[in-house]
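Read top to bottom, the protein sequences are chains A and B.
One point on numbering: in the numbering used here, the residue at position 57 of the first sequence is 57, and numbering is uninterrupted.
One point on numbering: in the numbering used here, the residue at position 257 of the second sequence is 257, and numbering is uninterrupted.
What the hints contain is simulated information worked out from the structure, not anything from laboratory work.
Given the structure is predicted, the values throughout are model-derived calculations rather than measurements.
Glycine residues also receive a C-beta, built at the ideal position from the N, C-alpha and C atoms.
Watch out, some of these pointers could steer you wrong.
[Stated by the list, open to error] Cut-off 25 Å, straight-line C-alpha distance, at most; resulting in silico cross-link-like pairs (BS3-like, lysine-lysine):
1. B:Lys100 - A:Lys54
2. A:Lys87 - B:Lys478
3. A:Lys973 - B:Lys302
[To be verified] Going by beta-carbon spacing under 7 Å, a handful of chain A positions derived as facing chain B:
4. Ser47
5. Cys48
6. Gln609
7. Ala615
8. Val656
9. Gly1005
10. Ala1064
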Amino acid sequence: MELVKLYIDGKRVIADNRMTILEVARENGITSIPTLCHDGRLEPFASCYLCVVKVRGGRTLTPACSTRVAAGMVVETSNAEIRRSRKAALELMLSNHFADCIGPCQLACPAGVDIQGYIALAALDKYRDAIALIKDRNPLPAVCGRVCTRPCEVKGCRRTLLDEAVGVDYIKRYLSDLDLGDKNPWRPSVAPHNGKKVAVVGAGPAGLSCAYYLALRGYKVSMFEAQPEAGGMLRYGIPEYRLPKDVLDLEINQILDLGVQLSTNVQLGRDFTIASLKQVGYDAVFLGIGAWDSSKMRVADEDSPGVLAGIEFLRQFGLKRRIDIHGRVLVVGGGNTAIDCARTALRLGVAEVRLLYRRTRTEMPANQTEIAEAEHEGVKMDFLAAPVRVLRGENGRVAGMECIRMELGQPDQSGRRSPKPVRGSEFRVDCDFVLAAIGQGTRVKELVDGRVPNFLPLGESLSLTRWQTVEVNERTFETTVDGVFSGGDVVTGAATAIEAIAAGRKAAYAIDRYVATGRAEPEPVEVYSRKDAYRKVDVEDLPPGSADGRRGMPVLLPAERALSFAEVETGYSGEDLRRETARCLECGCTALFTCDLRRYATEYGADVQTFMGEAVEHRVDRRHPLLVLDPNKCVLCGRCVRICSELVGVAAYGFVNRGFDTVVKPALGDSLLDTECVSCGLCIGTCPTGAIAEKLPLTKPGPWKTTRVESVCPYCSAGCRLGYEISGTTLVQVSRAAGNPGTGGNHCKKGRFGYGHVQSKERLRWPLLRVGRELQETSLDEALRYASMRLKELTRRVSGDQVAVFVSPRLTNEEIYLAQKLARLALRTHNVTSLTHLVNRELEAPDVVSTASHADIADAQALLVVNTALDEESFAVDIACKQAIRKGARLVYVGPEDNRTSRFAELHLRSLPGGQTFAILGLLKDYAALEPGALDDRPGLSRAVADLSDEQLEKLSGVPRAASREAAAILSKTILKVMLFNKDYRGARQAHDERLFAEAAAALGCSVLALREKANTQGLLDMGADPRWLPGYVDPEGGEALEQMEKELGVVLRELSPPGLDVAQLLREKKIKVAVVLGEDPVGAAGFPQDLRDGLLAADFLLVGDLFLTATAASATVALPLSSTGETSGTMTNAERRVQRLQRAVPPVGGIETWEILSQLAGQLGYRFKMKYGSVQDVTAEIQRVVPIWAGLDLDSAGAVWNADGFKLPKVPFTGLGKPVAPVPTLGLDNLEVRFGTWFDTIFEKARAAPPVVSL
Amino acid sequence: MRILVGLGTCGMAAGAGATYAALQARTGTLSGHCNVGKTGCVGMCFREPLVEVREDDGTRWQYGQMTPERVDRLLEEHVGKGQPIEEWLVWTSEGKGREKTFLDRQQRIVLRNCGLIDPERIEEYLEVGGYQALKRVLERKDPDGLINTIIESGLRGRGGAGFLTGMKWRFTRLASGKQRYVICNADEGDPGAFMDRSVLESDPHSVLEGMAIAGHAIGATQGYIYVRAEYPMAVERLNIAVAQAEAHGLLGHDVLGTGFEFHVELKEGAGAFVCGEETALIASIEGRRGMPRIRPPFPAVKGLWECPTNINNVETFANVPWIVLNGALAFNRLGTANSKGTKVFAMAGKIRRGGLVEVPMGISIRAIVNDVCGGIKEDRKFKAVQMGGPSGGCIPAELQDTVIDYESINKTGAIMGSGGLVVLDETTCMVDVARFFLDFTQRESCGKCTFCRVGTKRMLEILVRITEGQGREGDIEKLENLASLVRNNSLCGLGQTAPNPVLTTLKYFRGEYEAHISNRKCPAHQCQALLTYTVNEKCNGCQVCKRACAAKAITGEKGKPHVIDHSLCVRCDECYRACRFEAITRM
């Protein structure tokens, strides 16, 4: 290694020359170099070619991920050439990516609403979250749920290939009606006022939408509306029976509630002008004044009395004015306005309504359901007919219409077949009124043609298109006037509500940019891969889904509609919703929000069409119960292949085929189930796209944008950091969290997939109180009141010796600390320990603790593993060992069995069962022969070694002397060495042996990593869950440390009766009368000694806290629901003695966190102040203040290892050999592992038994 | 007197096995002074099977196209009566034979023993001075001096890239490592190239000797030959050679009693072209998928099993013993300023004499095509040569005075490559040539790098559509853009050079591309989809074409000129081939 100076983007940096340009750049804060194939845990690969940079002097660009830095290098990480090259790489990958990022429904929606997302949330009963998701793109869902033209269904929904579209709009309506009906509807968070104001002219859908999104961004928005009420065409163009105005009012009010000001009856050009708005200080103006002019039919005599403009007719009606209409009504037109006119007229009681349309029914632009409903209601339709001239009666009024038959000609440029009149086919239709609904225009020309004085600021002019609509920049919605934006019908001509809403939102984005930066920028365009871009998707491509047909919208009977403006569509029921959401085929990708390919494609503006050609199509493999393989989405970065072979050592994946046909597949097998796959899920975490995705155990797996909360895995003592991915209050999945020292973001199957317990339906949700033989649900207050009453009464009667508190080594430090504090302060006993630990206590040497960290393993040159199957007992440590081996470390294994670790070892000293202690002594002897002085100052060891002859050693250990010598040679040649063993190992070992290991390790020059089975066994001991010591191993019987602790806590602890008999002994003798068990299930655990179990059940009062109603909880007097990891914050201490913070990710299922229960219980027992905390952080702070070993720990970093130098427990030096003892099982008393194991085995059994389901 | 039959794969394919059997069957009838033996390939593939009569005085008479039927007359006249059969002779050591310039214009170092000795008998190799070079270097015990000799000779890697062999050896020698390896790259994969196969089949010991010398130079005790499994005869003869060399103490624990240890093991490749790339080759030997990795570190520093490894090509190793025996100067005298010695080429395409030739560096392409190989077949017009296989490029006829020399060839956009040389005439469509080679490389891409995996596929799609008459405006620019992207963004030589055939044809024959796209015409009249068949004035109405036309596109009465209906014509070429009067014009 050498430090070299180089320049990156003009910045001088100094770096280790073994590092790559990418690593050095990132270390120096340059994080903009994209890469798909790089994973810091793996060797450089260089295949995606995204990370290219320019190294001065190089002929071509250089991949930064695999080029080592060199002295004097001058690197440029971004320029036009680099960006072009990266973009091309992305486009090439996307040209062979037969996959959909999002559903075609979302693509079809003008507003881009995440339809798949809200349907999934709706299916999970997450209605509020669903509304939040919809309103991210559309603030008027209740309106749209009624009037939308549904491009998502008509053009978008793939289900149409199979049967009928999913009722997207009906689902949306259900959700929004539910929300509107809520006392406390969902409300977005509004940014603080930013001091800027924007005028929105026109309170129609475009204006309302623009106002909403501006208000969210902190703008003061004033809306100006010419009509008496807000809503625009929604109010004045759509009849009540389709859109009840109270629904519209509710949604408008929600927008006004955000602080948007509305002025009505003020008209642009009459009451104010754009210039005047600018003058009074509006930073920007949005023009959304719609298209209110009816188009002319262009037939003779159309100005005759009785001929009305359809839109004006509807407006008059909307204004609640009396309209004189009767007799026979002829409606001309085929759009929604025509249908609305016809149905409104019908409801006004006219004799007959007849509709004239010049093409056929299939070409009608109106919604097909609307047309059908109109027919139901009695509207007569005349297709392929056009008006020629109005026929006047004697009074000059309309008396009929001369019409002509039409026929369809060749398709025109728009693809529609244009109608042509059939000569000589004229015919007459008698009528009393004509409603012309053939189109609408704007009234903007009269504003800009100079008739309105000072309409625009001086020197500005507002350009119009040749259709007399406002000319805007398509993406920013800027008009030709500085600071004036426009959208909706006034720009597009009469169009749909959803288009106007989309325009309003996009304009709001651009306005915000304009006001903030002086330059309007368009909403970023996301790049999406689409299957349709490659070829026509057909029914064969659809994934399996519900076979149900579309749930129709319940409607009023035609009879009920007559002369009534009651809403025709009455809305879905909950059952309708459930069935309809199940019909969604989830076309979009589950990795939508995490996919790096898409993120970079968007960042680099990649165009999926650029290199479009043949794409390789693969089958999606869903056979593995935990993950889905979709090779169509694979970019061949090989990260899964390499993670699995380089880190896990399994090599379940491999590259198959060559050239363009190359694909990553389960190696040498058809399915992952046929490989050695251990289901650790590291491949999911490393996959940069959705090619390997977790099969989420949800009815609809989203995807949703999740927030990530980092915490620590609750299973083993490696203490892997995990990311809890949260949507709303749902824990959606667990992801890897990089940055854990040593474990580097790795995890095992339990960490990745074993989170089902957190939000399991089987969780204990309510406190239970024993009434007679039964446990009854009760409130927490009642349970605590009762428990404290009994505890007070009993503790008065019995001595401290007869009270015991048992805590699980899976609780947090804070919980354990509070439990022991409760025991010692309120229950006046030192009897606090773990039942798990109690069983193994004779075998445990608490003074033997780790002296090595995970980082030491990564740097080690030699590893000595004693009798530990690392991959099973501490997967992340196993990976660290393998990484060390790849870097050249040599592993020696000592132990009787063959396992993955022993097979990985360079040398296996195969000892007899129980003979590993002698194997270590033998090794020591050989080592001392090579390294004289190794045993100096270690008289005990020295004597033991000297006492044993070679023959005895070989006989007792079972290890051939030659092998032992070979191992000694390996150790003597190396400097950085770590010995690993599991303190909770099931094999025959006792405290003596552990102490010997520790002593021998020191003699061999090894540091020690002493693994534990449970996540927080170390913390359990550290926090004083042992009668023999107080937190921090403080002597309870006296001394300076005790005095200090008593002073800090303000209590006297030495008055407690000193720890007397062994707790196990007390149990056996049934002396324990009061027992508190937190998180342990000795009754349900197989193998727990019967006498101890009986002793526990003999207690007069048993308080049990757990996540589940375990057998122990079922035997309790009072059972309380505890919070799990993920539901609480705090800390845990792993095998390295590293104290790491946990973060609460979701609210506890039981409604309260464990520390609060303990605090409240203590309060009820009279410790209202000494055990009162504002938050769990206060408990952590108290531990840091009171517990000496925690003094000065920096817990806000990645965790900190407490200093063992301050470790007060006297180290017992090795004094002699113990006798071999029978193996004793360690017990999974808190049943997390058992639950996980059962679940895991079941899903695999099912998967193996299931017929292979393979589909595209 | 001896009769030797050329029994390389080429000879066997032409029927030499039967000739050999026929000769053997007749040896009993021959007088005692004549025996029948085997030898390798002398390179005259266009005249296989070859039989050589070697007189006791060393004069050699090479007969071509010696089918079993010719055996009798040969035995009778030449062997029996001592009268050589002039009309069958292709070459003699006396300067006779119809094809004498083919061999006489060559200068043979690598191929020095090919066709001369029996490759399955180490004795014959020893007789011609085999293993003397190894003996010499082991006696001198001066690896650094040896490396200097190789550097001074100017020998450059014959695998294609042309790196100075001696320098490579020096780097490997200087790198630190517990173990060092020598690898012989015999994964010859270029379409149309067979130099290495021929050397391995005809003179395997020269390669083994070269490897052992390299092993001594760099301090390796183990060598691997990575050879294609598709070369069964080469594998077999190598195995025989290794066994014989071990038996003679020329390989093994104690070579020639000098204490030098050197073993050679064969690894058969499974037919992936990319495994010719050294890092992929190493991965393949290690049992991993043959995928290249980024260099540095170079194999000389971190190669097989992470140890310093020297990889040379078959031809490079075959040069080594000669250089040791004849001195650096002798080798250095041959060739040009920067390219020394000779180069073996596998000649294919539209030439009269196709086969294996070894020529001194500095000879012009014109001389190879015209003098050595006898010019273009059927007196067509010479259009271009394609050099260097799929990594190479096309050199047009205008540049035929370019001399064989690494730098000169590179200047044209082609590369020396390993020695494939395809001669193209006026009937070759250059777009189709580019398509052919790109089709090969894109199939053989290992699939690792984005640009090589997808980019070459997209380039191929464009070329295919151009040759199918579907070319679009802008396709040439798209090709050029992709070509430069693929070249600059690939990890290994395969991807970096895959666009070369496209780039060189675009450079010299851009007009042909444009004609395909803009005029929908293939100037060489090769791209089926772009051809128009018409009947010309030579038609006498014989009706043969009419009957041949399955599409029923040809009409016409007997004896009267026929007409082709272009709307029905499917361009199957049947009429063109059927017509005996050249009355069909194909444009």
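Structure-based check of all given hints:
Distance hint between lysine 100 of chain B and lysine 54 of chain A is unfulfilled; the C-alpha atoms sit about 55 Å from each other, more than 25 Å. Proximity of lysine 87 of chain A to lysine 478 of chain B is assessed by CA-CA distance (about 15 Å); at most 25 Å being required, the pair is judged to hold. Pair hint lysine 973 of chain A plus lysine 302 of chain B holds up; C-alpha atoms about 23 Å apart against a cutoff of 25 Å. Look at serine 47 of chain A: its Cβ gets to within about 5 Å of chain B, closer than 7 Å, so that hint holds up.
At a threshold of 7 Å, the smallest CB-CB gap from cysteine 48 of chain A to chain B is about 6 Å, leaving the interface hint in force. Of the supplied interface hints, the one on glutamine 609 of chain A is violated, with its beta-carbon coming no nearer than about 12 Å to a beta-carbon of chain B, more than 7 Å. Because the closest C-beta pair between alanine 615 of chain A and chain B is about 10 Å apart, greater than 7 Å, the hint is violated. Taken as an interface hint, valine 656 of chain A does not check out: its beta carbon lies about 9 Å from the nearest beta carbon of chain B, beyond 7 Å.
Hint on glycine 1005 of chain A is violated. Least Cβ distance to chain B is approximately 24 Å, over the 7 Å limit. This hint is violated: alanine 1064 of chain A has a C-beta 55 Å from the nearest C-beta of chain B, more than the 7 Å allowed.
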